[in-house]
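Visitor: Can you join these two chains into the complex? Each is in its own frame, and there are hints to help.
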Amino acid sequence: EDQVTQSPEALRLQEGESSSLNCSYTVSGLRGLFWYRQDPGKGPEFLFTLYSAGEEKEKERLKATLTKKESFLHITAPKPEDSATYLCAVWVDYKLSFGAGTTVTVRA
Amino acid sequence: EAQVTQNPRYLITVTGKKLTVTCSQNMNHEYMSWYRQDPGLGLRQIYYSMNVEVTDKGDVPEGYKVSRKEKRNFPLILESPSPNQTSLYFCASGGDEQYFGPGTRLTVT
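Listed in order, the protein sequences are those of chains A and B. Just so we're aligned, residue 1 is where the first sequence starts under the numbering used here, counting upward by one. Just so we're aligned, residue 109 is where the second sequence starts under the numbering used here, counting upward by one.
The following block holds chain B by itself, in its conformation from the complex (with noise of 0.2 Å):
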């Protein structure tokens, strides 16, 4: 079955503890990226990949890291979480059609 997956689904944290979100996909598609969804904000892209060892900024950048080793694999990583980091995040895969994980919801305290 073709999908995107995301670990943890859920995770309550503390400011200041390092904290990775992974996602990987099984579609073999060279672009991913991340989002944040926050009521009332929508859904704003943080970073994207367009292939292995190539990603570039989206809208919401600071705060957070990425990598691209292998096709299939895009973590997000919060180095020093902080409260208004505290959202719902998406991965997606594709390139013409765009397709997306469940969600992360993150709460950091």
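Extracted from the complex, chain A is given alone in its bound form (with noise of 0.2 Å):
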């Protein structure tokens, strides 16, 4: 059965603090990983996708990197903008399987 797990499960943060946010995976047949941004009562709003091991992208002051177990998300530098809940999910076989998030505070 595939799995996804993210840790930790909350971050406090102090603005400019940066950190990393952890997804850990068991699957078959990865297709892609995806991460996403979710704010209070709203839909997810996509991030990144990743592929390969060794695959990094960034926007702004995030990145994402991906290894054949788990994927990170750093943020550097964070502003109070950028709390929200980060969500990780894995795509095999055309079914996208989600972890349980991360929760981002980020305190001016």
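Watch out, some of these pointers could steer you wrong.
[Stated by the list, open to error] Cβ pair distances, simulated, as ranges: (1) B/P191 <-> A/T5: 40 to 48 Å; (2) B/P147 <-> A/S52: 44 to 52 Å; (3) B/P169 <-> A/E9: 25 to 33 Å.
[Unchecked claim] As a list, the in silico DSSO-like pairs of lysine-lysine whose alpha-carbon atoms are at most 30 Å apart: (4) B/K173 <-> A/K79; (5) A/K79 <-> B/K165; (6) A/K42 <-> B/K125; (7) B/K173 <-> A/K59; (8) B/K125 <-> B/K165; (9) B/K173 <-> A/K42; (10) A/K63 <-> B/K125; (11) A/K95 <-> B/K177; (12) B/K125 <-> B/K179; (13) B/K179 <-> A/K42; (14) A/K68 <-> B/K165; (15) A/K69 <-> B/K165; (16) B/K177 <-> A/K42; (17) A/K95 <-> B/K179; (18) B/K177 <-> A/K63.
[What the hints assert, rightly or not] Computed far set for chain A versus chain B, every beta-carbon distance over 12 Å: (19) S19; (20) F34; (21) T49; (22) E60; (23) L62; (24) T67; (25) R107; (26) A108.
Since the hints were derived computationally from the structure, they do not count as laboratory data. The beta carbon of each residue, even a glycine, is placed where N, CA and C say it ideally should be.
Guide: Printed below as a string of structure tokens:
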């Protein structure tokens, strides 16, 4: 059975304090790994898709990396507007399975 | 503007009264899917569709039906809703980049 585990569950950061979120997965036949940002009561907002180990993608203060067993989302010098829940999901055989998410709070 | 739309956004209904939640996308995507999101359980896939006329079950399909007669539309049907289907529902479309709709908050009493 495909498993996706995110850690930590919650992360409180001071503005400017860089950190990393982890997404570990146990799947067969990974087609892609997605990262999303979700604000309360809203639909997930697409951030990145990673396909193979060693791949990296960046967008503003966010950088996603992928290994054969896990993915990291690095947040560099975060701002209060980066506060949200970050979700990862694995795409296997056209099915998408999500982790429980990491809720990030950035204090000014 | 590229978008996924869902209707209604909010719905309160009673047990057993059939309902349909519509989903439409304007990005010409082949792949569409439905999810429910519940506290403590996260996002779980209900059904997905690889293209018109081809649909398959996700992780929690019981109590739901879907149809895909046109590429742009993918409605979710609850034939006989029950209180355990109270949830926040999301439709999504895309392939390598998947885009979510704004959500439908459903309450079944």
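Visitor: What are the numbers of the hints that this structure violates, sorted from low to high?
Guide: As far as the earlier hints go, 1, 2, 4, 5, 7, 10, 18, 20 and 21 are violated by this structure, in ascending order.
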